[in-house]
Amino acid sequence: MAHVTFIHGIANKPPQDQLLDVWLRSLADDSGVDLGAEGVTSSMVYWADVMYEKPLSEADTESAANEAVAVEREPAPAELGVAGMDAGEAAWTATLAAKLAVPMAAGTAAAAAASIAPSPVKETLERIPLPGFVKERLMKVLLRDVHHYLFNCKFSPGRGATFQVQDEIRGRMIKALQEGAARPGPHVVVSHSMGTVIAYDCLKRVKEAPVVHGLMTIGSPLGLDEIQDKLQPEWTRRTGFPVERVQGGWVNVYDRLDPVAGFDPNLANDYRKDGNDEVDDLNEQNYGSWRHDICKYLRGAHLREKLRGLLEL
Amino acid sequence: MSWDPSSLLRRLLVAADRFDQGEAARLCDELVDGLQQGGDIEPATARKVLAALRRKGWFAPMERVAEALYFTGHDDAQIRRQYAQALIDQGKIPAAVYVIESLIDHTAGDPDENAEARGLLGRIYKQLYVNAVNAGGSTGLALNRLNLQRAVDAYAAVYHAEPGKHLWHGINAVALAARAARDGVPLRDGPDFQAVAREILATLEERGKQVLPDYWDLATAAEAHLALGDSTSALIACAQYVQRQDADAFELASTLRQLTEVWGLTIDGPPGSLLLPLLQSQLLQRKGGRVDLAAGKLDQTIEKTAAVAETPGKTLEKVLGKEGVVTLGWYKLGLDRARVVAKILNPAGDGYGTGFLVRGADLLPAYGDAILLLTNAHVVSSDPAVRGKHGSLEPDDATIVFEAFEAVGGQEFRVKELLWTSPPEELDASLLRIDPPVPSLQPYSLAKNLPLADGVQKVYVIGHPGGRTLSISLNDNLLLDWDDRLVHYRAPTEGGSSGSPVFNQQWQLIGLHHAGSLTMQKLKGQEGTYAANEGIWIQRIIKALV
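Protein sequence lines correspond, in order, to chains A and B. Just so we're aligned, residue 1 is where the first sequence starts under the numbering used here, counting upward by one. Just so we're aligned, residue 314 is where the second sequence starts under the numbering used here, counting upward by one.
Do not rely on the hints blindly, as some may be mistaken.
Said to hold, decoys possible - Each pair of labels, with its calculated beta carbon distance range:
{"no.": "1", "chain 1": "B", "residue 1": "D605", "chain 2": "A", "residue 2": "E208", "range": "53 to 59 Å"}
{"no.": "2", "chain 1": "A", "residue 1": "A301", "chain 2": "B", "residue 2": "D797", "range": "32 to 38 Å"}
{"no.": "3", "chain 1": "B", "residue 1": "D346", "chain 2": "A", "residue 2": "T162", "range": "53 to 59 Å"}
{"no.": "4", "chain 1": "A", "residue 1": "R25", "chain 2": "B", "residue 2": "R368", "range": "24 to 30 Å"}
{"no.": "5", "chain 1": "B", "residue 1": "A661", "chain 2": "A", "residue 2": "G185", "range": "48 to 54 Å"}
{"no.": "6", "chain 1": "B", "residue 1": "K837", "chain 2": "A", "residue 2": "P210", "range": "24 to 30 Å"}
{"no.": "7", "chain 1": "A", "residue 1": "P210", "chain 2": "B", "residue 2": "S758", "range": "29 to 35 Å"}
{"no.": "8", "chain 1": "A", "residue 1": "Q178", "chain 2": "B", "residue 2": "R798", "range": "30 to 36 Å"}
As the list claims (entries may be wrong) - Distance condition first, Cα-Cα at most 30 Å in a straight line; then the derived DSSO-like pairs of lysine-lysine:
{"no.": "9", "chain 1": "A", "residue 1": "K175", "chain 2": "B", "residue 2": "K837"}
{"no.": "10", "chain 1": "A", "residue 1": "K154", "chain 2": "A", "residue 2": "K175"}
{"no.": "11", "chain 1": "A", "residue 1": "K306", "chain 2": "B", "residue 2": "K856"}
{"no.": "12", "chain 1": "B", "residue 1": "K729", "chain 2": "B", "residue 2": "K610"}
{"no.": "13", "chain 1": "B", "residue 1": "K761", "chain 2": "A", "residue 2": "K306"}
{"no.": "14", "chain 1": "A", "residue 1": "K154", "chain 2": "A", "residue 2": "K230"}
{"no.": "15", "chain 1": "B", "residue 1": "K702", "chain 2": "B", "residue 2": "K729"}
{"no.": "16", "chain 1": "A", "residue 1": "K306", "chain 2": "A", "residue 2": "K273"}
{"no.": "17", "chain 1": "B", "residue 1": "K761", "chain 2": "B", "residue 2": "K837"}
Think of the hints as simulated: they come from the structure by calculation, not from any bench. This structure is a prediction, so every number in the text was calculated from the model and none was measured. Ideal Cβ positions, reconstructed from N, Cα and C, are used throughout, including at glycine.
With the hints as extra help, turn the sequences into a complete structure.
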């Protein structure tokens with residue numbers, strides 16, 4: 001019996017069970033891949049509570065996968081300052097902020113770096129008909145989550161809890177991977193957005209992670225140079241494919257107009273296996289203004305066909 | 314066991330949620346015993362027990378518990394009303410009338426309960442009229458006319474006493490007055506049903522400004538629009554109604570009955586061709602939902618369902634959303650699966666079992682494109698020992714008809730050859746070549762894996778339950794458990810469709826239904842029994858054929 005370990009992406013989410021249900025229903029919709037009906041077990045690696053005080057209410061469940069809606073209903077995270085950062089971290093943050101078109105506090109080195117950021121990426125973003133303030137908030141959330149994870153920041157989401165972000169999320173991911181690996185049949189990791197960074201980080205860089213049969217990344221920011229830089233030394237362009245723990249295929253699904261994946265949607269040339277392109281990059285055309293929506297991706301015919309293949313259904 | 318009615322109610326609700334009729338019956342025994350030994354129970358708890366039993370259609374235990382409550386002095390007005398409902402739902406009309414008439418006297422000082430009791434009396438006479446006339450009885454018969462008059466009088470009197478309050482009485486008066494007009498039955502002091510319908514809609518509109526309409530308000534609005542001949546508005550109200558997840562299978566089935574039995578809607582044309590597929594598709598998606606179709610109407614239902622489903626971007630999708638339209642497509646696929654379900658008759662022409670067509674190569678490549686019939690060995694067997702023990706038909710004695718497969722409508726098939734059989738104690742299956750050959754068909758897709766036994770997965774059985782010859786039924790069952798040979802599942806009401814196909818939620822074939830019991834032995838060596846239906850895992854049959 002096959003097993004899928006899901007991991008979600010940026011922005012707040014409803015409680016874990018409800019989120020898993022939303023993903024499963026989207027995947028099964030309209031004669032899709034109904035994992036339960038086909039005897040495939042699944043679990044969701046949940047980390048929204050590491051970044052947020054409380055989950056989205058049940059009433060928001062239907063739009064839970066739509067980060068554009070989620071962030072519209074909450075204050076954006078404060079801009080990342082540079083206080084307490086060393087020069088390298090500050091520069092890294094400033095460069096990524098510039099690429100994501102996130103304004104930094106005025107008068108800082110980061111703000112200066114942002115002001116001279118190259119423009120081609122911004123042109124890509126301008127093609128996304130999202131309200132400007134929503135887009136900006138989203139990019140702030142992405143910047144914060146990527147930063148806090150990759151730099152293993154200490155973070156308090158409220159309710160008296162404090163986490164070392166990377167340690168905490170890695171721990172949850174590894175536990176879920178080990179539980180999935182203990183089951184018979186193919187084990188496939190399906191990750192979205194920031195979840196693709198976490199999944200890759202664990203499968204490439206954490207020795208406790210078990211071997212999995214397949215990896216699917218969806219709407220991934222792994223093409224960003226800044227992220228790749230922080231995944232070194234395990235990551236190199238020539239040997240970035242996590243061959244140590246991904247025995248089967250890696251399918252990377254993107255929409256060119258997805259603002260998170262759109263910086264560099266193709267991963268095959270950045271995550272090679274012995275210098276060869278091995279990642280199966282797949283353009284899944286979504287619709288509407290928010291192309292990063294996991295529910296839309298999970299309804300895609302190409303994605304479903306590839307997932308069936310990875311699960312040997 | 315100590316007397317704890319609250320705990321008993323909790324356990325009953327769990328059993329009801331899992332359609333566990335055997336456990337529910339045991340709990341009812343416990344409750345009845347406790348009451349008879351002098352146990353006390355809060356009226357609210359007693360009412361919840363009865364309501365839980367009713368919503369699952371378990372009317373006999375409901376009656377038994379209500380009687381025990383009655384005879385032990387726990388009979389407030391609501392419990393007496395529930396007792397009457399249990400009697401009505403089992404067709405025990407004279408006893409129900411007696412209980413209700415005494416209840417009407419008893420509640421003279423309680424206007425709300427009195428209105429409910431009088432409404433129930435209206436329901437009895439309504440049922441008597443539609444049962445008689447829908448079965449071919451004459452609308453000119455004095456008794457039928459009297460029953461219709463009594464029903465309208467009962468509902469209208471309550472409604473007119475306080476028009477803004479008792480809308481369900483009002484809408485029933487409307488539906489019956491409209492029915493009387495269609496049937497040419499004159500009513501004495503009959504209401505102007507269109508005027509009342511407009512009044513009801515105005516009340517609902519006013520109420521809607523203050524509170525979110527409940528699902529009954531939406532169903533009531535749909536009926537009021539029907540009375541005014543406004544099919545589009547009826548469809549919109551109905552679409553809003555089915556979207557309400559608090560309207561469960563019990564509610565949707567009640568509405569469906571009202572629309573077909575009282576309003577006389579059929580699949581033949583609008584508004585029935587719009588409303589019925591919408592309600593049926595949603596009903597089958599609800600936990601424990603069941604759709605019964607006149608077999609001769611299957612093709613038409615498929616065609617009309619497709620027509621409703623294929624109106625994206627138009628009225629329906631705007632109300633239902635994409636998901637609702639997808640549900641219609643899913644339902645149509647299920648109806649397609651019903652086409653090739655056969656009834657197997659004994660020499661006397663009585664229904665003896667069910668079977669279904671499969672493409673030979675899907676079971677064994679050597680069978681090629683031959684279209685074969687799969688059924689139970691306890692239905693048809695060539696083995697004299699099996700026939701002696703289980704009463705199976707000899708192959709030559711079986712007649713096969715496809716009541717829902719209009720391409721071969723009316724044709725009778727015989728068994729040409731029994732290709733393979735496995736006795737009831739093993740796989741309980743017989744594979745038959747039938748004569749004349751059946752035209753080509755869309756083969757079932759076979760599941761490679763069984764669904765998860767996670768308390769969530771549902772399976773669907775298509776068959777001819779209860780030996781009814783002219784209807785075909787699609788049943789929603791909760792998957793309970795499985796091993797490498799057997800699959801266990803459970804519906805709120807027992808079927809009895811030996812030889813029926815069993816499908817997963819994607820309409821892939823997972824099994825051959827062969828048995829059902831309130832005391833089925835649990836699987837995987839687990840101790841104990843439970844109420845369950847049992848099917849044979851299709852991949853196990855394939856493995857045995859190789």
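To see whether the hints hold, each was checked on the structure:
1. B:D605 - A:E208: 53 to 59 Å: This hint holds: roughly 56 Å between Cβ atoms.
2. A:A301 - B:D797: 32 to 38 Å: Cβ of A:A301 to Cβ of B:D797: about 33 Å, so the range 32 to 38 Å holds.
3. B:D346 - A:T162: 53 to 59 Å: For A:T162 against B:D346, whose Cβ atoms are near 57 Å apart, the range 53 to 59 Å holds.
4. A:R25 - B:R368: 24 to 30 Å: 25 Å Cβ-Cβ, so the 24 to 30 Å window holds.
5. B:A661 - A:G185: 48 to 54 Å: 50 Å, holds
6. B:K837 - A:P210: 24 to 30 Å: 27 Å, holds
7. A:P210 - B:S758: 29 to 35 Å: With a Cβ separation near 33 Å, A:P210 and B:S758 satisfy 29 to 35 Å, so the hint holds.
8. A:Q178 - B:R798: 30 to 36 Å: The hinted range 30 to 36 Å holds for A:Q178 and B:R798, with Cβ atoms some 32 Å apart.
9. A:K175 - B:K837: 29 Å, holds
10. A:K154 - A:K175: 21 Å, holds
11. A:K306 - B:K856: Holds, at about 28 Å.
12. B:K729 - B:K610: 29 Å, holds
13. B:K761 - A:K306: Answer holds: B:K761 to A:K306 is near 17 Å, not above 30 Å.
14. A:K154 - A:K230: Holds, at roughly 18 Å.
15. B:K702 - B:K729: 24 Å, holds
16. A:K306 - A:K273: 20 Å, holds
17. B:K761 - B:K837: This hinted pair holds, its Cα atoms lying about 20 Å apart.
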